[in-house]
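Residue numbers (the working numbering): 1 to 818.
Hint data in this document are derived by calculation from the structure and do not stem from the laboratory.
Hints may be right or wrong, so weigh each one.
No farther apart than 25 Å at their CA atoms in a straight line, the calculated lysine to any residue pairs in the SDA-like style are these [what the hints assert, rightly or not]:
| hint | residue 1 | residue 2 |
| --- | --- | --- |
| 1 | K746 | R780 |
| 2 | K342 | D439 |
| 3 | K656 | R638 |
| 4 | K679 | A210 |
| 5 | K746 | M784 |
| 6 | K579 | R638 |
This one's a predicted model, so the numbers in the text were calculated from it and none came from an experiment.
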Amino acid sequence: MEPRPHMEPLYRPHGVEERWQRAWEEEGLYRADPSSDAPSYVIAVPPPNVTGALHMGHALNGTIQDSLIRWHRMRGFNTLWQPGYDHAGIATQAVVERELRREGTSRQEIGREAFVERVWQWLHEYGGVIMGQFRRLGSSLDYERERFTMDDDYIRAVMRFFVHLYERGWIYRDNRIINWCPDCRTSISDLEVEHIEVDDALTYARYLLADGDGAGDGYVTVATVRPATILADVAVAVHPSDERYTQLIGREVIVPVVGRKVPVIADDRVEPEFGTGALKITPGHDPVDFEIGRDHGLPELTVIGFDGRMIGDIPDMLVGLTEEEAGDYVVEWLREEKLLEKRESYRHAVGHCERSGTRIQPLVSLQWWCATEELARPAIDAIQSGRVRFHPPVHGRVALDWLTAIRPWNVSRQLWWGHQLPIWYCPDGHVTCAETEPDACAECGTAELRRDEDVLDTWFSSALWPFATLGWPDDTPALRAFYPGDVNSTAREIIFLWVNRMLMAGLELLGDIPFHDVIIHSTILAPDGRRMSKSLGTGIDPLDVIEAHGADATRYGLLKMSSGQDVRFSYGPIEEGRKLANKLWNVARLLLADVGDVVPDARPRELEERWILARIDTTRAELEADLDAFDFAHAVDRLYHLTFDDFCDWYAEAVKPRLYAGDEDARATALAALERLLKLLHPVMPHVTEEIWANLPRRETRLIVAPWPGPDERFAADVGALVGVQEAAERFRRSGVSTPLEADEKRIFDAVVRPERGGGGGENGNIEAERERLRGEIARAEEMLANERFVERAPAAVVEAEREKLERYRRELDALGG
RNA sequence: GGGCGGUUAGCUCAGUUGGGAGAGCACCAGCUCGACAAGCUGGGGGUCACUGGUUCGAGCCCAGUACCGCCCACCA
1 MEPRPHMEPL YRPHGVEERW QRAWEEEGLY RADPSSDAPS YVIAVPPPNV
51 TGALHMGHAL NGTIQDSLIR WHRMRGFNTL WQPGYDHAGI ATQAVVEREL
101 RREGTSRQEI GREAFVERVW QWLHEYGGVI MGQFRRLGSS LDYERERFTM
151 DDDYIRAVMR FFVHLYERGW IYRDNRIINW CPDCRTSISD LEVEHIEVDD
201 ALTYARYLLA DGDGAGDGYV TVATVRPATI LADVAVAVHP SDERYTQLIG
251 REVIVPVVGR KVPVIADDRV EPEFGTGALK ITPGHDPVDF EIGRDHGLPE
301 LTVIGFDGRM IGDIPDMLVG LTEEEAGDYV VEWLREEKLL EKRESYRHAV
351 GHCERSGTRI QPLVSLQWWC ATEELARPAI DAIQSGRVRF HPPVHGRVAL
401 DWLTAIRPWN VSRQLWWGHQ LPIWYCPDGH VTCAETEPDA CAECGTAELR
451 RDEDVLDTWF SSALWPFATL GWPDDTPALR AFYPGDVNST AREIIFLWVN
501 RMLMAGLELL GDIPFHDVII HSTILAPDGR RMSKSLGTGI DPLDVIEAHG
551 ADATRYGLLK MSSGQDVRFS YGPIEEGRKL ANKLWNVARL LLADVGDVVP
601 DARPRELEER WILARIDTTR AELEADLDAF DFAHAVDRLY HLTFDDFCDW
651 YAEAVKPRLY AGDEDARATA LAALERLLKL LHPVMPHVTE EIWANLPRRE
701 TRLIVAPWPG PDERFAADVG ALVGVQEAAE RFRRSGVSTP LEADEKRIFD
751 AVVRPERGGG GGENGNIEAE RERLRGEIAR AEEMLANERF VERAPAAVVE
801 AEREKLERYR RELDALGG
């Protein structure tokens, strides 16, 4: 043990926190032990993007997980908090591509191999800073076990997963419409598409009947927000029971500009009430139209390329234009041909790439897909049966709804950074799927193989995080010791992307759920209620908060404010945490001043000592219930009031005179009570508690691994022992009226309230004011008890409580001679 | 379009089977007490969004309205 440092009146977290963070890690106290016999408690950190920096969500989530981990470590569990990073395919590739552009080159120019090499180089230089920032928060991750989704072992796990699904028959290649981001130059999944309201123009265009017989007006009008896609129209659809159009079904109309004759078809996916009730069908560029087109056997024409430019069988002058330019041309053409009925402004939600913000281009493309119904089934059961519980529970139902209506998963991305698909083609077009590069085509045996160039969706590998980090697919000691895990704590927005897929992958590959509790933590908004975001300038850097107030205060504050679904960040709770740390520090100074060779030992003699030990024990039980329910805001609130109100304002003040008098029993008991208080606070505020712990005499273990206090019923009967004194103090402070007290109560009263120093009015306080107050209370109670219906229908306990209150007020009034 | 959450003190938020509206911050007043002025004690401040209903009794339960936010979504 190091020498006891001088304890200054003001607790300064700087230096102290970093010192303990280094000590805990260097002494191996964060380490999980795969060979331990103790029950395990496992949380895998949501792997942050390897390019990213700590934001407020990380800080809150890190605090939640660390508090649980530290609590269980003290309770004797073999804890593993698994650290690591996600390679974050699109995000990382975008960062490095941006850098290449600044250098005047591009990934296409330097080629795939050099580009991937460049990404690794970038990561070694700038990536992977978050784990250092997690350390600064005091996070007790087992840093020696850090994993990366692009580690060789992890890649092997991803390949195994893919081949497994392929062999199950759930992986297939299909030419379907996908969400194409022209900026990222890749497909993205439905979950990565963000719908944003935009103002568009709705163009009403007339399609002339090909066999114009004079009946009606000889045309049908359709509405579109994307006039350029008219060039790829292959049909017009109407609702089968829409009487306006029944006579048109089966006839042909002429697509403007290109002059193509296309059929009028009937489909009940058309909404008769919208627009004109006639829908132009563009299977190549619209998801609904694609489905309708497939069902009616229509061709899929493409007029917009992967670069967002016009291509295909269209007038030469349009080739190479943007969709918008081409659209303007089409509208102008319609106007000249008198086929433009009208244009009106129209506000609607349009899909955008959530990473680049670019408007999604629905395109037909040959991609790899994963059929997910079979994977989802066990996950659905796990949630329905309650084996996996969400906190708050509402998110379980949301997760369930998604799983129940799950759709095929587009798993291929047209990127270079990521896990390249383990798919090889031979010149004859045969497909070989294997974990490692095969020698020959599985079908025809030719050795001439070409690997598919696409990489897998980043979330495909994230799905394996709870067990690929433990060595799966190998049967390792870590996997046996730490799977299944216990808790997953994460942000609301990745329930589908990540949580559900971990459930599916874990159940499919290991036959068991990866965790039984899912915590969905609050979203912390900027103080003005907007999202915290760098680009909006509304972000608050948690490292700045730690710098200014300390990690303990930051942890406390984040837990305190994280009660609702969304919560505005404010410094109030952080300040509260800082005050709590300072208060704790100072009460420790009081109890440790002139401590001599007294060691902690609970041997209570007086009322206030039995009382505080009872209060600490009941708070321990309540705290455990809060933590078991993942109710962190209540847990820290409880700790605050235990420390301030009970421990400092009442107990410490009451026992102070005996400490000054050199009462060694009082001293030893005080230290024992402080010990227990420190233990309860440690999971939330690890640094200040460890620092004080180190100052306690004869301390041979670290608080971080000190045993969590068990139930202590010895003084339970004394938990209300101070009620009389506290009421007397309240009365005295309110009106200066003294209450007759027993000798030991009087001693506590005098120590805590110190009437001789003013505050009230002494024995001659305002007795009449107090009588008046009591008469008011009595009147109210009498009124309630006079209400027959209340007496008849209210629960007996409530009525009885009211009677007791009345009796007490009357006694008190009598004592005041009223 | 569908679903979910929210609306309580100036601010950020609690309020646990319906039974006297709370905390922290801010504000005001008083305390230089042998841990802490980054402290202590006390105080002011609320039509619990609105309307109706159930009940002896509603912040809480029911119906509806308004506003804010989130998620999902193939009405062009």
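To see whether the hints hold, each was checked on the structure:
{"no.": "1", "hint": "K746 x R780", "result": "violated (31 Å)"}
{"no.": "2", "hint": "K342 x D439", "result": "violated (62 Å)"}
{"no.": "3", "hint": "K656 x R638", "result": "holds (24 Å)"}
{"no.": "4", "hint": "K679 x A210", "result": "violated (84 Å)"}
{"no.": "5", "hint": "K746 x M784", "result": "violated (35 Å)"}
{"no.": "6", "hint": "K579 x R638", "result": "holds (15 Å)"}
Hint compliance for this structure: hints 1, 2, 4 and 5 are not met, and every other hint is.
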